[in-house]
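*Asks:* Sequence:
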Amino acid sequence: MSLRHLLLFLAFGSAAVLPAAAQAEEGRSAAPVRDEELVRRALQTELDRALTELRLPGEAAPWYVSYDYIDGMYATYFADMGAMMQDDIDVHRVLRVEVRAGDPSFDSANFDSFSGGGVVTRALPLDADEVAVRRVVWLATDRAYKDAVEQLSRKEAALESRRSSKPLPPAMAKAEPVKTPPATPPTFNPELVGEAVEHLSAVLGEYTELEAGQVVGRDWQGTRLLLSSDGMALSQPTGLTVIRVEATLRHEDGSRMRDARWWVVSDTTQLPPLAEMEAEVREMADWLIGLKTAPVLEEYLGPVLFEGPAAVELFSQLGGAELIGTPPAWSGMGDLSEAPEPRPPGRIGRRLLPVGWRVVDDPTEAGLPGSFEYDHDGVPAQAVVLVEDGVVRDLLNSRIPASPESKSNGHGRSLAGDRKEAMLGAVRVTPGRERSERALRRAALRLARQTGQERVLVIRRLEPPAMTEDFDVFFSGEGPPPGLTPPYEAYLLYADGREEPVRGLGFVGVDRRALRDIAMAGQVQPWVGALDVQPGPSRFHIGAIGGIPVAWAVPPVLVEEVELVGNTGGEKREIPRPPLSPSPAAAPAAKD
Numbered sequence: 068m069s070l071r072h073l074l075l076f077l078a079f080g081s082a083a084v085l086p087a088a089a090q091a092e093e094g095r096s097a098a099p100v101r102d103e104e105l106v107r108r109a110l111q112t113e114l115d116r117a118l119t120e121l122r123l124p125g126e127a128a129p130w131y132v133s134y135d136y137i138d139g140m141y142a143t144y145f146a147d148m149g150a151m152m153q154d155d156i157d158v159h160r161v162l163r164v165e166v167r168a169g170d171p172s173f174d175s176a177n178f179d180s181f182s183g184g185g186v187v188t189r190a191l192p193l194d195a196d197e198v199a200v201r202r203v204v205w206l207a208t209d210r211a212y213k214d215a216v217e218q219l220s221r222k223e224a225a226l227e228s229r230r231s232s233k234p235l236p237p238a239m240a241k242a243e244p245v246k247t248p249p250a251t252p253p254t255f256n257p258e259l260v261g262e263a264v265e266h267l268s269a270v271l272g273e274y275t276e277l278e279a280g281q282v283v284g285r286d287w288q289g290t291r292l293l294l295s296s297d298g299m300a301l302s303q304p305t306g307l308t309v310i311r312v313e314a315t316l317r318h319e320d321g322s323r324m325r326d327a328r329w330w331v332v333s334d335t336t337q338l339p340p341l342a343e344m345e346a347e348v349r350e351m352a353d354w355l356i357g358l359k360t361a362p363v364l365e366e367y368l369g370p371v372l373f374e375g376p377a378a379v380e381l382f383s384q385l386g387g388a389e390l391i392g393t394p395p396a397w398s399g400m401g402d403l404s405e406a407p408e409p410r411p412p413g414r415i416g417r418r419l420l421p422v423g424w425r426v427v428d429d430p431t432e433a434g435l436p437g438s439f440e441y442d443h444d445g446v447p448a449q450a451v452v453l454v455e456d457g458v459v460r461d462l463l464n465s466r467i468p469a470s471p472e473s474k475s476n477g478h479g480r481s482l483a484g485d486r487k488e489a490m491l492g493a494v495r496v497t498p499g500r501e502r503s504e505r506a507l508r509r510a511a512l513r514l515a516r517q518t519g520q521e522r523v524l525v526i527r528r529l530e531p532p533a534m535t536e537d538f539d540v541f542f543s544g545e546g547p548p549p550g551l552t553p554p555y556e557a558y559l560l561y562a563d564g565r566e567e568p569v570r571g572l573g574f575v576g577v578d579r580r581a582l583r584d585i586a587m588a589g590q591v592q593p594w595v596g597a598l599d600v601q602p603g604p605s606r607f608h609i610g611a612i613g614g615i616p617v618a619w620a621v622p623p624v625l626v627e628e629v630e631l632v633g634n635t636g637g638e639k640r641e642i643p644r645p646p647l648s649p650s651p652a653a654a655p656a657a658k659d
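When we follow our numbering, the leftmost residue of the sequence shown carries the number 68, and every step to the right adds one.
Think about it this way: if two alpha-carbon atoms lie no more than 25 angstroms apart in a straight line, the pair counts; the simulated DSS-like pairs of lysine-lysine are:
no. : residue 1 : residue 2
1   : LYS474    : LYS246
2   : LYS474    : LYS233
3   : LYS474    : LYS241
Here are the in silico distance ranges between beta carbons for each label pair:
no. : residue 1 : residue 2 : range
4   : GLY633    : GLN517    : 15 to 25 angstroms
5   : GLY484    : ARG509    : 47 to 57 angstroms
6   : PRO447    : ARG189    : 20 to 30 angstroms
7   : ASP154    : GLN111    : 36 to 46 angstroms
8   : PRO593    : PRO568    : 23 to 33 angstroms
It should be emphasised that the hints constitute simulated quantities derived from the structure, not laboratory data.
Cβ atoms here follow ideal geometry from the backbone N, Cα and C, with glycine treated the same way.
Generate the whole structure from the sequences, applying the supplied hints.
*Replies:* Next up, the structure:
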């Protein structure tokens, strides 16, 4: 979703602005108006009532109930070419209710029937009224239970045709109960985001050659409370600050050229200085304007050097799914007698990277966007060595089991009503040997000469999946799918150091095997924050400021062979003149 598609969402999909008296003051805490103890008491009362009283005649009782309560403040800002279009600050109090019908060996969850399936989300009242809170919770729990009962029936019917004798995994992996006191919410100081959005938008407004330039920012700070029937009573702080800038320039051939910059951090204190962000935005605008004279590279087959943000997207888009141990949900469509068992996308023992490479996900590293102490299941976060010597040695797991022996390693997270699947947190990718930038470029040119080329393609930035306008990464007609989102910034590097920008490129047939073709790597770069969800098509629908925070530390890499093709994607904007019709007065008179 590009920023130009976000304007309508912000105009019609966001909450109302708070009165001036409720606007955020500098450095104020996002402490809720209502005490968390009141909400916790109301939730516990309704949880106990659900386990003892909630049951339909002749149907399975709920064996598991959980409440995820998110409470805090958020601010959203949107500006277009120097004009502030939206400036909202509001309270966010949302409850996620999950009810599972059945028993610990087999229940209603993890079945895709295109219904709620036992998960319901509701906004809670803003007033400190325990009775009002309990009413919303009870109605939501009742709805979730009825959905769970219906889904359990569908799941039982669908699995009757299952032919495999392999035992099913349990409904949920076990976890030790965690109990904590109410957490203190982080400081809420959104004015820094608003000032940055307004200033960066004004910078874009100086570039009259641009067709469009939007800036969107969000600051969210609050707490997350998990209360469940298996003993979880966990409260922890949560926060996210994000700013995205996107600019568009129209080429004379009709093609739209886009570029973007973004910053994802835990809170406003981690944002870079405004002057640094302005410099990056000006660099982006200058790059786009320079593309007006850049050629379209018709095709390219050879080595490619992925730098900076492009390297992050390379590992995220091609390698992320290979590290996930959560199996997909059983499908509720079609005959399951011939359907394969749902298996995790990741495979232990598969070579993912060259010899010597190592990948570690450690969300316990403090201060990163992808850091957390406990995951959304309430399981303590763990550092996991995923890849050792280039081979996948372990996978990230939530409480959704892939086998009877599966255990969570504290990586289950989700958005809203989605399943709590395993997800990357803070990922460090380390090569067997780190080389200098100069050595990396020399090696790239040497590989290019071996293919008969005097220049090598360097990609500095790839389009993030959330910003894409064309859903063609997995589908491309008769040819192989691209496999990667298209480049924002790419140039040809020559032996004399000259850099020639090129435009309109798209990948052809790239998949995870490209990671095994990495010939050389540079030095691991500083941590970079990003917004993401579980690997798959949902990555393309989270929007410019949606998703779950993740942090990456990766090196620039040289891939031996990648294929790309050029396509302006443009269309002539001039409407052709209609053919001239002869004047009726000039027509010869009709003969009698």
